[in-house]
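Chains as they are written, first to last, in our numbering: chain W, 28 to 163; chain S, 504 to 1343.
None of these hints come from the bench; they were simulated from the model. All residues carry an ideal CB built from backbone N, CA and C; glycine is no exception. Fair warning: there could be bad hints in the mix.
[As the list claims (entries may be wrong)] Per label pair, the in silico range of CB-to-CB distance: (1) W:Val136 to S:His946: 45 to 55 Å; (2) W:Val136 to S:Tyr901: 56 to 66 Å; (3) W:Asp147 to S:Ile1277: 48 to 58 Å; (4) W:Lys110 to S:Ser1276: 55 to 65 Å; (5) W:Asp147 to S:Glu1045: 20 to 30 Å; (6) S:Gly1213 to W:Leu119: 16 to 26 Å; (7) S:Ala1113 to W:Leu79: 45 to 55 Å; (8) W:Leu119 to S:Ser1276: 41 to 51 Å; (9) W:Lys110 to S:Leu1282: 36 to 46 Å; (10) S:Ser1019 to W:Pro93: 30 to 40 Å.
Each chain, letter by letter, is given below.
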Amino acid sequence: MTTETTALSDGDMSGKDWVAICQLSDIAKNTGVCADFNGEQVAIFHLFSKTLGEQSEVKAVGNYDPFGKANVLSRGLITEKEKNYHIASPLLKQEFCLATGQCLQDESVVIPTYNARVKDNMVELCAKTAATAVEV
Amino acid sequence: MSKQRIVVVGNGMVGHHFIDQLTNNHSDQFQVVTFAEEKQLAYDRVMLTSYFSGNDLSLTTPEAYDEKGVEYHINEKVTGINRQEKTIVTESGKEVAYDKLVLSTGSIPFVPPVPGKEQEDIHVYRTIDDLDDIAFSAKSSKVGVVIGGGLLGLEAANAIKQLGLETHVVEFAPRLMAVQLDQEGGDLLRNKISELGVTVHTEKNTQEIVQGENCRYRMNFADGTFLETDVIVFSAGIRPQDHLARVSDLSLGERGGIAIDDHCVTSDPDIYAIGECALWDNKIFGLIAPGYAMAKVAVSHLTSQEKSEAKTFKGADMSTKLKLLGVDVASIGDAHAQTPDAQCFSFVDSAAGIYKKVVVSSDGKKLLGAVLVGETSDYGQWLQLVVNDMALTRPAEYLLLPELDDEGASESGVDALPCSAQICSCYDVTKETISKAVADGAHDIAALKSCTQAGTGCGGCVPLLTQIQNSELAKLGVSIDDSLCRHFAYSRSELFDIIRVKNIRTFDALIAECGSGDGCEVCKPAAASMFASLWNEHVLDEELVSLQDTNDNFLANMQKDGTYSIVPRVPGGEITPEQLIAIGEIAKEYKLYTKITGGQRIDLFGAQLAQLPVIWKKMVDVGLETGHAYGKSLRTVKSCVGSTWCRYGVQDSAAMAILVEQRYRGVRSPHKVKMAVSGCARECAEAQSKDFGVIATDKGWNLYVGGNGGMRPRHADLFASDLDDATLIRYIDIIFMFYVRTAQRLQRTSVWLENLEGGLAYLQDVVINDKLSINDELLLQMEHLVDTYQCEWKATLDDPQKLKRFNHFINSDKLDDNVIFTTVRDQIQPASKAEEAELV
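Given the sequences, and given the hints that come with them, work out the whole structure.
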């Protein structure tokens, strides 16, 4: 299983409960927002580029930065390295993989990831993906 | 053990170098006393001409000497030595005992015995006092003549020209720089100098100086011709200043000069002589590098337990490279082909004004000497070939044909140098030392200069230094690739040009033009900064918002807990009571922590993302605007109160600071830029620690550039003096935009200036003389930025689309419940984790 979901496919998550968060247009391209997802803070990012075939993709990870100990990751900068997308914390710039939650600078740190998709122009979130279940 | 007392007579460049070398390494063993005949401590005589451009030539300060425990007496001439008692006496009657005496009395200008030479507006050219005298005479003059077309004479001509006089050079020999150049090189130099408006008269023997008809004086020449002039400067050579040694019965040369041995010891074992006053092997060395070498030899002898192990002076290479009246000139080794059977090859490009001659051994295998006029980039390489007696790898004529010289050849040239090769002759730095410094981490020129001192004297070796550094880095496997990041194979300044020329306004377009992938934390903010520097569109516009770094991203400074601080602009630090009260009311309403910043404004901490727009609405309503404390852009212009209130102020510094701050507010640059304006020389605004510092003079403003506080403090360099308001602004405009265009990402002006090839002098050439012919364009660019300024917060408040991002949650109005404050000294503060646990 991977955590990857795109605008075109909701993969094998179709049987789960999806929660609508906001309109896709509420998230500027290649930036993030923070969602209140059943009391948890989730950072959702809207990826869009030529590399990605000019198709919108959404990715979701926990909003909490375990290094800075603050809820800030939605306000970070999206980076691309060899086609892997990371979110760089706005505090001390550690990068976390948007697909797996793995920290690039410290392999012992993994942040939670969430299933996210776009359906009818709405961004939706689904249950947290356990960090241990992540295929790296 | 009591300290030995060393008395140093003469505080010129060499005397100072001796003191520096001695006190840096052996301060515990010696007590140093020095006497300066001049009214100030050592200064850079080599750069004397730049005194008129306002350069501070000082090599040291009274404070620096105090700190080292060096006792100094300025304006105090030493008149006698009592060698039996081991004391010296001064003009004012002081008597000081010495254990060892060092004579570094330098030289005196030679004035030929021409009748009429002793008159009011006839000068010599050696000291700052001489320059002041020349400048004083120039005020009431139109024409100036320099007698002597040697190296110093041409320097003096440059000084005369800078003072705005019609300038003539009169030379006895058939060519200029007769010692260093051959006839052809001299002729070319003459042509170039004539083009610059300096008239050259060769083969003129001045017979007498009499009263003139149209000018103050008339010089009559032996050939019956004459020249009228108001000012005359003699620069007909130097003579060793050996008077003191002469009256003390030390051995002298037949034609003067204090005789020394290989350890720089005179005929009295307790007295050393170094520099231009010393005569070694019947030769006087009138250049700075041999003087420094002698200083080192004397220190070595003084401090060595085993005198036989001390360094020795072995003569010096008299090769020189310099810029005379803007013309590059160099002479290496046997420039006149005096070696038996030497062969010469030359290359002349009269259109470009380039002359090169090489002198090679009869078998063509070794380079013996060279002359370069108009273009001297080969100097470093060739000097090494000569000094190290290296075999040429190709026929000598190839040296003259750079276009046939395929790339890599010059690299192998550097690699072929022996480890012992002296690269910097001013500070005696070898290739080995440089290689080691590079291996130890000095990966840019500024770092290499600061840890080895190489290149910090005359600067002539910097190109060679750069080549060695690059070659060493390549060997270490360190890439000298200056690509911005993995997404762009271009440096920042190259990208800047691409963006400018191709009018690129979005990151997607930039990637499509010259990059790959989707960008990263390096290139995105760099691109955002360049777009802003060129086009000045709102940083939160749809196409730009995803590129912004942490603070620009929400137009506020993020703090450790994810809250923000807010800094309204307070131009020049001037603020009305009403504005102060308004800021206080807002801080009170939103319970913000308030602190006065170092830049004379007020920082309000602890605002949550969602609170930023409401707080800014109130700020804008009372007429406050964004302070760009979050941007890599102009921060503040600090000022003192200036002449309006201060008893000492000579200009209205507060008004100037406000003018400057309002002009450059919001201008984004490679890194943050700080400025300050002081109303007098007391410098209360600390302008010399800023990127741009302005200090009032009674005639206008002095402009300083490249200062820095923070982690790596640097005093700013004086860029220009006594500027009027318009020129000051014009210079700042050009320097600022030139920095924006050419600096590396996140490079402050201090490091930028240090890495700029040619340094301050080059920057002055670019800005003041428009060397690159880009000033009009730079001024237009700055004008565009000034004209398109907007308060980013006011614009944001007017745009609902932009405001949408200013909520902690996209799907709720709640605030972040992880932001927890405690109260300390009556204000909020982020709670520690332990405090949080207690408070929640």
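Let me make sure I understand: some of the numbered hints might not hold for this structure. Which ones are they, in numerical order?
Hints 1, 4, 7 are the ones this structure does not satisfy, whereas the remaining hints hold.
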